[in-house]
Amino acid sequence: MTSPNPTASTLASPVGAALNPPTGVATAAPADRRRRVFGLGAGLLVTLLVLGGTVLLSLAVGNKHVPLTDVWASLTGSGAGYADAVVNSRIPRTMLGVLAGGSLAVAGAVMQGLTRNPLADPGLFGVNAGAAAALVTAAAFFGLGSAATSVWVALPGAFVAVVIVYLVGAGGGRATPVRLVLAGVVVTAVIGAYIQAVTLSLPAVFDTYRFWVVGSLAGRDPGVILEVLPFVVAGLLLALGLGPSLNALALGDDTARALGAHVARTRLFGAFATTLLCAAATAAVGPIGFVGLAVPHIMRAVVGSDQRWLLVYCLLGGPILLLLADVLGRIIMSPAELMVGIVTAFIGAPILLLAVRRLKSTA
Amino acid sequence: MSIVTLRAGSWLSVPVRPRSVAVAVSMLFGLLVTAVLSLTLGRLGLAPSEVIPALAGAATGRDAIVFDTLRGPRLAVGIAAGAAFGVAGTLFQTVTRNPLGSPDIIGLSAGASAGAAAFGLLWTGILPLPLGALVGAGVAMALVFLGTGRGFSSPSRMLLVGIGVSAMALAFVQFVIARVGREQATVLAAYLNGSLASRSWDHATTIWISLAVLLPCALALSRRLQLTEMGDEQADTLGAQSAAARILAVLVGMGLATAAVSVVGPVAFIALTAPQIARRLSRSPGPNTVLSALTGAALLALADLLVQQLPGDVQLPVGVLTACLGGIYLGYLLISHWKKGTLA
Amino acid sequence: MTLTRTRAARVGDTASLSTPGTPRQPATPPAPPTTRLAAHHLRLGYGRETVVADLSLDIPDAGFTVIVGPNACGKSTLLKSLARTQAPQAGTVLLDGAPIGRMRSRAVSRQLAMLPQSPTAPDAITVRDLVGRGRFPHQTFLRQWSRDDETAVHAALSATNITALADRDMSELSGGQRQRAWIAMVLAQQTELVLLDEPTTFLDIAHQHDVLELCSRLHADGRTLVAVLHDLNQAARYATHLVVMKAGAIVAQGDPSTVLTAELVQEVFGLACVIIDDPETGTPLVVPKATPGSRPARSGFPPSA
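Residue numbers (this note's numbering), protein chains in the order written: chain A, 1 to 363; chain B, 1 to 344; chain C, 1 to 305.
Everything labelled a hint here was simulated from the structure, so no lab data went into it. Don't take each hint at face value.
Computed from the model, here is a short list of chain A residues facing chain B with C-beta under 8 Å [claimed, not checked]:
id, residue
1, 68
2, 192
3, 200
4, 207
5, 258
6, 259
7, 261
8, 264
9, 265
10, 269
11, 298
12, 301
13, 339
14, 352
Given the structure is predicted, the values throughout are model-derived calculations rather than measurements. Heads up, the beta-carbon is just placed ideally off N, CA and C, and yes, glycines get one too.
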């Protein structure tokens with residue numbers, strides 16, 4: 001987990017501040033700026049604590065409730081008996097939740113910064129569809145169905161889909177945000193038709209697919225965590241490094257160029273980072289919507305429009321939302337479980353509605 | 001001069017574009033050919049000479065069974081549902097002033113699917129499936145109306161909220177699919193793609209009556225909607241009452257789309273592409289209601305013909321094909337727009 | 001007609017500067033207004049925000065009324081409420097003595113036309129089709145295109161000098177031609193009252209002149225014009241009745257040559273100026289005063305500010 005303090009000091013660097021007109025920090029007095037950085041740093045600490053609490057909750061709550069003291073005992077290695085086993089069984093899904101939640105939220109923030117569209121979702125570039133199509137193809141034609149291989153299938157699938165989206169989007173010249181989003185819609189639709197055609201022809205594939213397509217943290221192979229970890233780490237590093245460029249990009253391509261940002265390069269790296277993060281998350285837990293959309297929105301209400309802070313907050317906020325949704329899914333239909341992908345859709349969609357209502361008059 | 005006016009006395013005068021008429025006639029001809037082909041092709045097809053007797057109700061033996069239970073209702077449902085999708089699409093696209101603003105994207109189809117899934121599998125026996133779909137669509141549209149905070153007066157908000165409502169409804173559908181048994185799930189999944197297989201004359205009656213009632217409403221509204229394309233202020237000063245016109249258009253579009261969804265499922269992209277194709281062929285602005293209806297009917301009938309005649313044993317739902325072809329067409333549309341530089 | 005002329009003159013004579021903070025309202029007539037279009041104690045705003053608090057105004061018949069004022073003074077809002085596209089929070093707009101909000105919208109549209117500030121042309125529409133849309137209030141479902149419609153469109157096209165462009169696509173036209181097409185659409189509506197919201201915005205100076213000359217010709221033909229304009233000098237040149245607004249209230253109104261004074265411009269716009277006679281028309285011409293020291297004596301621009 002990223003410690004808040006070094007981040008805070010880098011963020012206060014003069015270069016960063018100079019590139020930060022949207023929040024008005026650059027024009028604020030130094031004292032104001034210091035107070036703001038301090039406030040945001042403290043907020044980050046609080047968010048970290050909340051995340052810790054959510055992790056404990058995720059370990060404790062479920063079909064069999066475990067008291068928090070027993071959870072703590074298990075974590076410190078002094079747990080015993082049935083409670084210990086229950087807690088241990090919940091560790092993989094909790095870790096998956098942290099990993100996937102953080103990846104999706106950061107990917108969403110980058111995506112929204114890149115497209116300058118506060119309503120962009122990582123799924124828009126065809127990432128989920130590509131991963132799903134690859135999994136379905138592998139299961140249908142090569143008999144690959146096990147969880148251990150899924151990452152190696154889903155990742156290339158997601159990448160291929162994004163490349164196609166880019167090619168279609170850049171078909172007439174420049175790949176502007178609107179074009180990319182529209183191209184994403186098109187590619188997703190065609191891939192979706194392919195998936196339907198395959199799954200409806202092969203009942204066995206359909207049977208696994210219908211469970212995979214609703215994102216869930218339960219029943220995934222723990223080995224997946226280690227497989228996707230390198231991709232997640234690489235994607236996160238790349239994304240966090242893009243913060244300043246994204247700030248410049250928020251002012252429009254021309255202004256960004258005038259400020260010395262490399263617009264095309266930022267787009268390329270941003271899309272690469274998003275794809276890495278989304279593909280890894282999707283491969284690990286299946287497609288989960290709305291985390292990438294909702295978390296950056298909630299966090300923007302807290303930190304304002306500074307992308308550097310936003311990315312870090314999203315890294316912590318994503319897991320909180322995803323784990324809470326997972327915990328909720330375990331409670332509301334107990335003893336059965338509601339898949340987390342459904343819970344996030346039902347939490348995320350109202351947040352989207354609120355976000356839309358708060359938009360100032362849109363043309 | 002590209003407009004001819006049909007007049008009868010002083011009480012009737014309707015402007016007609018020769019180009020639109022030509023397009024409509026060719027579309028009608030195409031529809032006819034498709035219809036005949038889908039009745040005659042294949043192992044079970046009628047002999048060409050038997051088509052007219054069958055339509056007159058004079059077919060006998062095997063032909064009667066094929067026409068009455070297999071091909072006939074399927075074709076009748078396909079044509080009417082396609083027309084309904086086409087008109088619903090053009091209404092929504094005009095209201096949202098956006099070529100992407102079709103029932104597929106605005107959340108209506110997804111809402112209807114969720115309603116159908118809920119009342120068809122989860123809470124069976126409360127409502128018949130078509131009414132369930134209508135309830136779902138109504139709930140979805142109500143959410144969109146309330147969600148924007150300004151009713152239907154902000155097109156871009158409508159689209160965005162629609163996407164959210166869509167996602168919520170689809171999550172619900174996936175939940176239902178994951179909860180029920182495999183057999184039921186497969187049936188539901190096929191329905192949710194949109195399928196014309198094994199339709200009955202009851203389905204045909206439902207959709208044709210809806211079309212007969214709602215198409216005139218759409219026609220009556222289309223001139224007022226045309227004015228809203230110039231912005232609400234301008235439309236209002238011309239006396240078009242844009243806010244009311246929009247709500248009416250959404251209601252009519254909802255009725256048409258739901259009727260179609262309840263008989264064939266949410267067939268993708270007909271509502272999105274038919275108005276676009278109609279507009280490009282006729283080169284005339286505004287909601288081309290009649291032409292969109294014809295185009296929608298021709299598209300769905302043609303897609304179903306292709307699905308029926310596909311080699312292999314598997315009967316794919318027609319929605320899979322329309323999604324694929326519609327997606328490719330949309331991609332072509334976007335790229336050609338971009339090359340000309342007329343879109344974003 | 002003569003009655004309203006004298007009335008307009010009277011308002012002009014009494015035009016005066018009010019003290020800041022308490023803008024004086026023109027006296028509202030106790031009897032029903034004598035002009036066709038009048039606003040009666042309007043309160044206008046968006047949501048909880050009030051832009052215009054209490055405003056009354058008679059639009060002189062057959063006049064060319066121009067409303068001017070600084071940004072966000074409520075002039076466009078006032079125009080919208082006169083055209084019925086924005087409902088007032090309080091007060092009424094009267095058209096021929098009847099409250100406009102309670103009239104049938106097509107009935108209003110046959111009397112009164114408005115061109116909004118930035119109307120959007122539908123995709124791929126020809127000029128003729130666009131102008132034809134102005135005929136909507138005169139049409140019915142069965143009578144969608146009568147011979148009257150035909151003649152009205154023809155007349156509107158020739159009045160705005162764009163008959164030659166009739167079959168061109170709107171997107172092919174220049175800014176000035178496009179604005180003419182929009183005005184033609186409003187003319188095709190065949191109303192006596194025409195409201196224009198900043199018809200010259202985004203046009204270069206030649207086209208601005210062009211559009212205003214066109215307006216002035218329409219006025220000469222007997223129409224009642226109301227326009228919101230940005231440019232004081234243009235307003236002074238073309239208006240027969242100038243309405244000056246500030247912070248949601250009318251500060252002065254009347255004949256431009258009486259109303260437009262250096263003190264008024266200073267008070268309303270905060271601009272120090274001298275008023276001279278326009279060498280072409282003799283109407284008032286606002287010339288901003290030079291700030292001492294702001295301009296170097298030499299003509300070149302300094303390399304670094």
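Hint-by-hint comparison with the structure:
1. 68: violated (30 Å)
2. 192: holds (6 Å)
3. 200: With Cβ-Cβ at 6 Å, under 8 Å, it holds.
4. 207: holds (6 Å)
5. 258: violated (22 Å)
6. 259: violated (23 Å)
7. 261: Violated. Min distance 21 Å.
8. 264: Where the cut-off is 8 Å and the nearest Cβ of chain B is about 17 Å from residue 264/A, the hint is violated.
9. 265: Where the cut-off is 8 Å and the nearest Cβ of chain B is about 22 Å from residue 265/A, the hint is violated.
10. 269: violated (23 Å)
11. 298: violated (15 Å)
12. 301: violated (17 Å)
13. 339: Residue 339/A check passes; min Cβ-Cβ to chain B is 7 Å, inside 8 Å.
14. 352: holds (4 Å)
In summary, the numbered hints that this structure violates are 1, 5, 6, 7, 8, 9, 10, 11, 12.
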